[in-house]
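Protein chains in written order, with the working numbering: chain A, 1 to 312; chain B, 1 to 346; chain C, 1 to 319.
Calculated directly from the structure, the hints in this document are not laboratory data. What you are looking at is a predicted structure, and each value in this text was computed from that prediction instead of being measured. Treat each hint with caution, since some may be false.
Computed beta-carbon distance windows for the label pairs [what the hints assert, rightly or not]:
| # | chain 1 | residue 1 | chain 2 | residue 2 | range |
| --- | --- | --- | --- | --- | --- |
| 1 | B | A85 | C | G122 | 19 to 25 Å |
| 2 | A | A104 | C | L231 | 52 to 58 Å |
| 3 | C | G122 | A | M16 | 23 to 29 Å |
Think of the CB as a built atom: it goes at the ideal place given N, C-alpha and C, for glycine as much as any other residue.
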Amino acid sequence: MLGYVVRRVLASLPTMLLVYTLVFFIAHVTPGSPWDIGSNRPVEPTVKATLDAKYHLNEPLHTQYVDYLLGAVHGDLGPSYRDRTQNVEDIIIRFLPVSLELGAAAMLLAIVLGLPLGALAALTRNPAVDGLIRMVSTLGVSMPTYVVTSILVVVLGVELGLVPTFGWKGLFSTSAIVPVFSLALAPLAAVIRYFRSSMLEVMHLDYIRTARAKGLKPLQVIVRHMGRNALIPVMTVVGVYASNVLTGSFFVESIAGIPGFGRYFVLAVAARDYPVIIGTTLVYAVFVVGINLIVDLSYFLLDPRVRMERAT
Amino acid sequence: MTTESNAILAARDLSVWFSARRPSVFAKRRWVRAVDGISLTVMAGETLGIVGESGCGKTTLGRTLVLLTRPTSGHVEFAGRELTALSSRTLRAARRRLQMIFQDPYASLDPRQAVEAIVGEPLRIVGIAAAKRRQRVAELLDLVGLGAETMRRLPREFSGGQRQRIGIARALAADPQLIICDEPLSALDVSVQAQIVNLLLRLQRELSLTYVFISHDLAVVRQIADRVAVMYLGTIVELAQTEQLFRAPRHPYSVALLSAVPTLATEGDTDPTPVLLSGDPPSPVNLPTGCRFHTRCWLREKLGNPAICAEQPPALAGDTMHQAACHFADETAAHAAPLLRPERAS
Amino acid sequence: MSAPAVETTSVTPAANPGRGTALLRLVRRNPALVASLALLAIVVAAAILSPLLPYDAYRQDILHRNARPSLQHWFGTDELGRDMTARLAVGARVSLIVALTSSLIAVAIGVVIGMVAGYLGGLSDSTIMRFVDSMYAFPETLFAILIASLVKGQLAGQSTGLLAPLAEAYRLSGGLLGVLLTLGFTCWLTTSRLVRSQVLSLKNAEYVLASRLAGASHTFIIRTHLLPNSLPVILVAVTFVVPNAILLEAGLSFIGVGVDPPTPSWGTMIAGGVQSIQSYPHLLIAPAVAIGATLLALNVVGDALRDLFDPALRASRRG
């Protein structure tokens, strides 16, 4: 298994490099210099020259490319151009935990609620229950996060006054309810859908009938036999949504006023703050690749066929 | 460079190797030797049968003979031109008169094309105008026993046998000299098989066609082929005139194949038990040393397990009418007699 | 034709009754689908008929700004007094144009790439797919934002040379061109994967082999056999891409890298609404509900279309 992990990590390196190249290219091709404050006042040429020299912006592009990459590998993502007193990695360390908390809580909620609901929808003989759950899940999949957040903030916060409409006081306060729930809705809906459909597929297979004929209690059958196999497609979905949840937090953070990483990124894009843009993208890409790796590993654990295929 | 003056297709040392999965990056590369050093010639006007079990490489051989699959090594010559040396573009023109009929009537026709488009495609490709095409398609359909009213219909409206006829019409549209029939009957009912066989024979007579007929059904091959090649694990183990093969096979594998053909028993007959080959066929990745068949060979057992079988691969040897690749080909006939059913007066 | 061995050519009627009847049956059985189609029809009507509405979406009426919904202004007015109903309708037009055009671009790109990768196979395929995999690692929204700012940067300011006509088109379209290009370059991934896997399985189909034997060129095979038989898959891809495009467009406009003001887009309206969330919630709710309902309807219809094509896909392969 260690070999598998190592190989997958190695395989993702070219991917990361490509991502970095793309972002670097995009960030630098965009016209305008980062020193322009606002779009109407280009900075004075002498000031520009000094700043450019200080931040190596006057060096040829390929030198900058290599320099930044080497630095990034060592954890040095350079100074932010907007606020030159801070280094990007410090900014990330300051703001990222909030976004991660938010994202992790949302995914956890989605899984903890989604699996039982999906199973319920598959196993119930009551078509109304099944229909209701399916409708809710279709709704969840279609609504954009920012729409849900907006509506919830307005309804729960402004009209009913149950939650604060702005700010973040930690994961276990009322201010977390709206953001966590809005982020969780889409993955929740997806988990319900996929788990339900894969349970339905598995339910009719012969080995389940054998298990029940053997006399296993229904709960045992569900958990031990059906659950494991039905989980496999769910893991794929979880992987896809985990990375979505990280980026979807842009909107949620902006609307609900959460001092997280997403909001900072949006401001950085507007200000052409290259290091922040590039650094953020790299961090996100690392996350996505890492999540994919975890999902692959889970296949490995859940599905013996994957293990066997490697052995031949 | 063909030896026979009326040879139409010749394969020399043809090999098709596919690369197989390796257990790790450091192990040596492994190969599936689907076709391994086969040489054969097809004479104009004849029907050459190729028989063997599933997985012996006959379909791959068929596809390689028309260069649908590029051989790993070896040569294929058709109508005096060496196809293997041609570039893709020249190849397209050079092999037009080499056509193929496929095994699965449900997969060999484009489900979205009407019959007229399917059969007319070879004509369209060479640029024949629509009106002429339609006329020719009607002729071809008539030739294979389908009426012109089928032209506008889609494949899904036809039965298996009818689809094979459409496939045959398509092959004929290119005005071929040689047609490779890749198990064309395997997916059909027995009664329909007979009709298609009759059709193929009639077309061969009327249009002076040459066939290479690939099949695992020995009874059909006996009916239709002039010569037969028996394949095992990528090589030809026996090549003979049809009746010679069926009456006096010289390779133990052919004996086993023939003894397994079921026939109707008549009163007073005691059917000899078929020769059962021991074990499973070896994996085409890990071939046995020496003669490929020696691990399952009943003759070898009978002869006391001679060492040569495991050490030296036998070559195809014999006279022009009958060749076999066995070190003990001459003994085969003697030992085979009790195993084969006596020939009934046909 | 008189040979006794010829079987009669009685053609059995098609086993599949055809997709038209199947569709009607589906509609009757599925009220949610009917409701969704109705909603989409309303949205389309609003988009097309928006010039006929009583109020102009661009006319400001400061005296009556931020008015709550009333009989006069069905959805109220925005912070500059512009009628929300009219703005929603024009926003619908923007969303529809964006959805359809950018989906077209994205699907076209995806089909080309998927077709090339699948057909060529081997090293080209691996390289292209490795590239696609890297793109997948790139969070989609992030990528869209980056491309959008790049496009805006190149086209919005003064441009010279080759880009000048594009920049002009950009200005005329009120920033729409930028969004179209952005979405087109972002949303092609799924399509390419779907098309590629379909081509991989089709390319060795026996009828393709027969074509090759008949002397067909690669373009002929792609045009005559591969593309038509990939249509079901392409349609499935479209059902995924269209709602995603609308979603992304609104998101981009929300951040400010989408359409330029004063063009109303549901996304810009949501962004504006967020500012006054405490005082005038209707500014936020109206576009939020509009976009949510439209996306819901699109997803329901997309689901139904996918279900419709799946059995047909299997059936057509069989026969």
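Tested hints:
Taking 19 to 25 Å as the suggested C-beta distance range, the pair B/A85 and C/G122 conforms, at roughly 21 Å. A hinted range of 52 to 58 Å for the beta carbons of A/A104 and C/L231 is inconsistent with their spacing of about 42 Å. Checked against the given bound of 23 to 29 Å, the beta carbons of C/G122 and A/M16, roughly 25 Å apart, stay inside it.
In summary, the one numbered hint that this structure violates is 2.
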